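Chains as they are written, first to last, in the working numbering: chain A, 1 to 184; chain B, 1 to 840.
It is possible that part of the hints are untrue.
Residues from chain B shown here face chain A by an in silico Cβ test under 10 Å; the list is partial [said to hold, decoys possible]:
1. 129
2. 449
3. 462
Not close to chain A: a few residues of chain B, all C-beta gaps over 12 Å, as computed [as the list claims (entries may be wrong)]:
4. 3
5. 41
6. 61
7. 74
8. 119
9. 134
10. 260
11. 418
12. 433
13. 435
14. 438
15. 441
16. 549
None of these hints come from the bench; they were simulated from the model.
Being a predicted model, the structure only gives us computed values, none of them experimental.
For every residue, glycine included, the Cβ atom is placed at its ideal position computed from N, Cα and C.
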Amino acid sequence: MTLFYALIALGSLALIFGLILGFAAVRFRVESNPIVDQIDTILPQTQCGQCGYPGCRPYAEAIANGDEINKCPPGGEATVKKLADLMGVEAKPLAGGEQADPVKTVAYIREDECIGCTKCIQACPVDAIVGATRQMHTVLIDECTGCDLCVEPCPVDCIDMLPVKETKQTWKWQLNAIPVTQVD
Amino acid sequence: MEKLIDQIKQGKVWSIPGGIHPPGQKLQSTTQAIARLPLPDKLVVSLKQHIGANGKLIVEKGQQVLKGQALTKPSGNWSVPVHAPTSGLISDICPMPSAHPSALPELSVIIEPDGEDNWCELNPVTDAKALSHDELVDVIHQSGIAGMGGAGFPTYVKADTRKAIEFLIVNAVECEPYITADDMLMREHADGIIAGIELMQQLLSPQLTIIGIEDNKPDAIAAMEQAAQHNDSIIVQTVPTVYPSGGEKQLIKLLTGKEVPSGSIPADIGMLVQNVGTLFAVNQAVHEGKPLIERVVTVTGNTIHKQGNVWALLGTEIKHLLDCQGFSPVPQQRVVMGGPMMGFTLPTVRIGVVKTTNCILAPDHQELAEPGDEKACIRCSACADACPASLLPQQLQWFAKSKEYDKLNEHNLFDCIECGACAYVCPSEIPLVQYYRVAKAEIKEQQAEQIKAERAKERFEARKERLEREQEERQNRHKRKPAAKSDGEKQKVADALARVKSKSDDKDSKSAVAAAIARAKAKKQGAELEPDNSEVAKERAARKEQARKYKEQKALEQGEEGVDKDDKKSAVAAAIARAKAKKAAQAAEENTSAETDAAPKDDKKAAVAAAIARAKAKKAAQATEHQTEADSAPVDDKKAAVAAAIARAKAKKAAQAAENQTEAEEDSAPVDDKKAAVAAAIARAKAKKAAQAAENQTEAEEDSAPVDDKKVAVAAAIARAKAKKAAKEQAQSDDSSQQINDSNDEADAKPQSDVPESSEDKKKAAVAAAIARAKAKKAAKEQAQSDDSSQQINDSNDEADAKPQSDKPESSEDKKKAAVARAIARAKAKKLQQEGNDKS
Numbered sequence: 001m002t003l004f005y006a007l008i009a010l011g012s013l014a015l016i017f018g019l020i021l022g023f024a025a026v027r028f029r030v031e032s033n034p035i036v037d038q039i040d041t042i043l044p045q046t047q048c049g050q051c052g053y054p055g056c057r058p059y060a061e062a063i064a065n066g067d068e069i070n071k072c073p074p075g076g077e078a079t080v081k082k083l084a085d086l087m088g089v090e091a092k093p094l095a096g097g098e099q100a101d102p103v104k105t106v107a108y109i110r111e112d113e114c115i116g117c118t119k120c121i122q123a124c125p126v127d128a129i130v131g132a133t134r135q136m137h138t139v140l141i142d143e144c145t146g147c148d149l150c151v152e153p154c155p156v157d158c159i160d161m162l163p164v165k166e167t168k169q170t171w172k173w174q175l176n177a178i179p180v181t182q183v184d
Numbered sequence: 001m002e003k004l005i006d007q008i009k010q011g012k013v014w015s016i017p018g019g020i021h022p023p024g025q026k027l028q029s030t031t032q033a034i035a036r037l038p039l040p041d042k043l044v045v046s047l048k049q050h051i052g053a054n055g056k057l058i059v060e061k062g063q064q065v066l067k068g069q070a071l072t073k074p075s076g077n078w079s080v081p082v083h084a085p086t087s088g089l090i091s092d093i094c095p096m097p098s099a100h101p102s103a104l105p106e107l108s109v110i111i112e113p114d115g116e117d118n119w120c121e122l123n124p125v126t127d128a129k130a131l132s133h134d135e136l137v138d139v140i141h142q143s144g145i146a147g148m149g150g151a152g153f154p155t156y157v158k159a160d161t162r163k164a165i166e167f168l169i170v171n172a173v174e175c176e177p178y179i180t181a182d183d184m185l186m187r188e189h190a191d192g193i194i195a196g197i198e199l200m201q202q203l204l205s206p207q208l209t210i211i212g213i214e215d216n217k218p219d220a221i222a223a224m225e226q227a228a229q230h231n232d233s234i235i236v237q238t239v240p241t242v243y244p245s246g247g248e249k250q251l252i253k254l255l256t257g258k259e260v261p262s263g264s265i266p267a268d269i270g271m272l273v274q275n276v277g278t279l280f281a282v283n284q285a286v287h288e289g290k291p292l293i294e295r296v297v298t299v300t301g302n303t304i305h306k307q308g309n310v311w312a313l314l315g316t317e318i319k320h321l322l323d324c325q326g327f328s329p330v331p332q333q334r335v336v337m338g339g340p341m342m343g344f345t346l347p348t349v350r351i352g353v354v355k356t357t358n359c360i361l362a363p364d365h366q367e368l369a370e371p372g373d374e375k376a377c378i379r380c381s382a383c384a385d386a387c388p389a390s391l392l393p394q395q396l397q398w399f400a401k402s403k404e405y406d407k408l409n410e411h412n413l414f415d416c417i418e419c420g421a422c423a424y425v426c427p428s429e430i431p432l433v434q435y436y437r438v439a440k441a442e443i444k445e446q447q448a449e450q451i452k453a454e455r456a457k458e459r460f461e462a463r464k465e466r467l468e469r470e471q472e473e474r475q476n477r478h479k480r481k482p483a484a485k486s487d488g489e490k491q492k493v494a495d496a497l498a499r500v501k502s503k504s505d506d507k508d509s510k511s512a513v514a515a516a517i518a519r520a521k522a523k524k525q526g527a528e529l530e531p532d533n534s535e536v537a538k539e540r541a542a543r544k545e546q547a548r549k550y551k552e553q554k555a556l557e558q559g560e561e562g563v564d565k566d567d568k569k570s571a572v573a574a575a576i577a578r579a580k581a582k583k584a585a586q587a588a589e590e591n592t593s594a595e596t597d598a599a600p601k602d603d604k605k606a607a608v609a610a611a612i613a614r615a616k617a618k619k620a621a622q623a624t625e626h627q628t629e630a631d632s633a634p635v636d637d638k639k640a641a642v643a644a645a646i647a648r649a650k651a652k653k654a655a656q657a658a659e660n661q662t663e664a665e666e667d668s669a670p671v672d673d674k675k676a677a678v679a680a681a682i683a684r685a686k687a688k689k690a691a692q693a694a695e696n697q698t699e700a701e702e703d704s705a706p707v708d709d710k711k712v713a714v715a716a717a718i719a720r721a722k723a724k725k726a727a728k729e730q731a732q733s734d735d736s737s738q739q740i741n742d743s744n745d746e747a748d749a750k751p752q753s754d755v756p757e758s759s760e761d762k763k764k765a766a767v768a769a770a771i772a773r774a775k776a777k778k779a780a781k782e783q784a785q786s787d788d789s790s791q792q793i794n795d796s797n798d799e800a801d802a803k804p805q806s807d808k809p810e811s812s813e814d815k816k817k818a819a820v821a822r823a824i825a826r827a828k829a830k831k832l833q834q835e836g837n838d839k840s
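Excised from the complex, chain A in its bound form (with noise of 0.2 Å):
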């Protein structure tokens, strides 16, 4: 009798704990692996495609599953040693040999030359040129990510890689000090 008891007692615990570890498992659901997440935010956005991948979230999504942290050359230096603080791996130079501190650049159209053929709108991951077919085209310098990808595709060569411009909230001391000494 106590067997039987004792029985229905640890078959009603484990009926409970089981409905209870169920109702979590929709309840708390996560969508998708947030490590992926964590990567995609160190990953600078530009959307590039120059890992191989198309964008920076399927990028993130292989370095989840075990891909090199080394494929990022908008990122430079700094990215690869973020996502290897964040994976736990050694730093790696940057896969194709880039320059370890990219300089940003933005897209800028010579709009004199521009033909309106539409191939940059059609290749720009960010919406980020504006324009019609026949009409000058140009880009939203605020939303370009320089990913270089509008380059290749126009037919007239008028897009330049230009760096960007340094502005006073952009600017950086430079270390030397204006320091006081005692006049006596």
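Starting from the known structure of chain A, arrange chain B on it as the hints suggest.
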């Protein structure tokens, strides 16, 4: 609260942590009153002299401006206008080096003073108490006032705060060495400052206003106390001289004992700090209507002869200030904007004074030595003791060096006010503040990048979504479209069948389309032509007679001219023409009989048929008439005769064409509804044209002559090509080949008429014409293959024979080129026809 106010009123002053005591160096610049300078040669007014957005430019290059006239209009967040500091001419508006350590160019208005110094119309407020809160804020806003203590925060934003303000704190501390601008302003304009304070009190209604002045400015304290006597809510509080007690948060701590929490602003704890200079500007703006166009600047340093304070117009180049005060630079002279602690070395002295410029320091090498080499940190913690914000400068320094930005954030780097006290006390001469500044800039940049990356991600995803949606839509459209098409096609097929049926039901009365065409043609022929057949026949007979006479006459004339060959040919042509005219007359008669037969069948249809018949009859009549006209006209050269012959032939052909064409249309309609409709329309137009052409070829040329422009020429070429296509189809389906001959003739004639045009004008038209001609040839070939060389062909061949020869003399008279082209085209057409005949 009451207790706190009581304490303050009793003169209690709290203390701040850290702080240093650098030598004041203020006495040398307080010996003289604030000087007025002569007008500079030019003023460089930067559009951005404050924190926030630029105003919108409302003046243009070459414009004359008056002193105090607004140059920009506030737009967007935190934007304040700038005003013309004196009257003069705007010589340029371009980016100029700005008052920033980088001297990065900033859009500036360059004014050449005219020396008049004429004020614009000022609107001083007589009774400020009567102004509403918003009106007063607007006056401050439009006057372009921004914090003059150093940060340049728009004053109207502060004045318009929605938070309850308990303490209005007036910053008259001026703790940085050398600077005495506020000191001198208080000494000379204490009343104005108090008036400004009262305006602020009106706006903010604080419980208490505290003016904090360092105890090294006894004159200023006395002046302010004197001026503030009448107002109980204003307290002048003397604070000990310690650097940096003039920092906003430090001053609040000193005067009220309260601390502004990290990351919040003084207004969050009911405090508002205003600089004395700003308050004076507010007073000027409200009570005198003068916008902010000048400020007190301390010009000091050992290389300056006349150290002191000056009223500097905004935009005055630093060089002008230095020159006016006597400047004898030393080698590698540095000129610092701001004080020795927080100021920055100017890359150039050709920079305009801005709203935040309180001091120009031109030190020699003794007073402000070049920084020595940075040595290793010895962990003496002097920096931590000196830090007024209770930070850990040496920790921050290491994190900054190793770029550990998250650690820097953890150690509250952004609470650093960059006062430079730590660097000042450092025995190892480590430029600590510079490290923090660089680190701050890096962190801000990273944050900006993070925000940008986030937006790029959003945009990328939005785009992906959009592309997917578009693709889906496209697929859906593809699915839906075929069904719709099949419906339309069914309808078209049914229509075509119906048409065919109606056609077979009644041959005489063709479809409505044919009727419409016929009607249109009939209209074209003109109303003066009567359908009465007998009259026409009589006329015709008479004309024939006349024509014969004229022909004989002409032949004689030609004989006189002695062109035997031509004479013969033209005689032949005339004979042919006569034969044709007869034929046409017969055809017309037949048509009328057909009309009478068909009439009883169906009222409507019969009417239509009648119309057609009438039209044909008319055409025929016209042709004959024409013949006579052409003949009777005293056109004594052969050309006219030949033309008449051709015209007659064409008129007849056109008459036949009307019938055949409708048939052709019926046949081709089911093949392609749209195409055929277009072709039919063109064919109709052609038929009309043919009729016209028959009347006079020169007329046709005239018609096409005004069609000078490219587009019409091209359109004509296309139309011709299409007409040919229609003709081709028709030729394939029916026996009579005349239409094709006709259209060939047309095609031949038209390009010719186009040729002179195109030679004058456009290449394209010529190309189109060439294509049209090529098509005409093709059509002729096919026709030749399909038919059994009827008499008409022979006729037209004869015509073609006759024409080139008869054209020769004409060419010398007329356009040579056109004639040659015509001759070549016709010769080719003939050849092709002959080839076709040979084959058949």
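These are the hints, each one checked on the structure:
1. Hint status for residue 129 of chain B: violated, given a least beta-carbon distance of 41 Å to chain A, over 10 Å.
2. Of the supplied interface hints, the one on residue 449 of chain B holds, with its beta-carbon coming within about 7 Å of a beta-carbon of chain A, less than 10 Å.
3. Given the 10 Å rule on beta carbons, the hint for residue 462 of chain B holds: about 7 Å separates it from the nearest Cβ of chain A.
4. The Cβ of residue 3 of chain B sits about 40 Å from the closest Cβ of chain A, beyond the 12 Å cut-off, so the non-interface label holds.
5. A cut-off of 12 Å between C-beta atoms confirms that residue 41 of chain B is not in contact with chain A; the least separation is 27 Å.
6. Look at residue 61 of chain B: its CB is around 24 Å from the nearest CB on chain A, clear of 12 Å, so calling it non-interface holds up.
7. Against the 12 Å criterion, residue 74 of chain B stays outside the reach of chain A, whose nearest CB is about 20 Å from its own CB.
8. Every beta carbon of chain A lies more than 12 Å from that of residue 119 of chain B, the smallest distance being close to 33 Å; the non-interface claim holds.
9. Annotated as non-interface, residue 134 of chain B keeps its C-beta farther than 12 Å from every C-beta of chain A; the closest such distance is 31 Å.
10. No beta-carbon of chain A is positioned within 12 Å of the beta-carbon of residue 260 of chain B; the least distance is around 25 Å.
11. Residue placement check: residue 418 of chain B does not keep its beta carbon more than 12 Å from all beta carbons of chain A (closest about 10 Å).
12. The non-interface label for residue 433 of chain B is inconsistent with chain A: the shortest C-beta to C-beta separation is roughly 7 Å, within 12 Å.
13. With 12 Å as the threshold on Cβ separation, the claim that residue 435 of chain B sits away from chain A is violated: the shortest Cβ distance comes to roughly 7 Å.
14. For residue 438 of chain B, the condition that its CB be more than 12 Å from all CB atoms of chain A is violated, with the nearest at approximately 5 Å.
15. The beta carbon of residue 441 of chain B is not kept farther than 12 Å from every beta carbon of chain A, the shortest such distance being approximately 4 Å.
16. With a least beta-carbon separation of about 66 Å from chain A, residue 549 of chain B lies farther than 12 Å from that chain, consistent with its non-interface assignment.
Hint violations for this structure: numbers 1, 11, 12, 13, 14, 15, all remaining hints satisfied.
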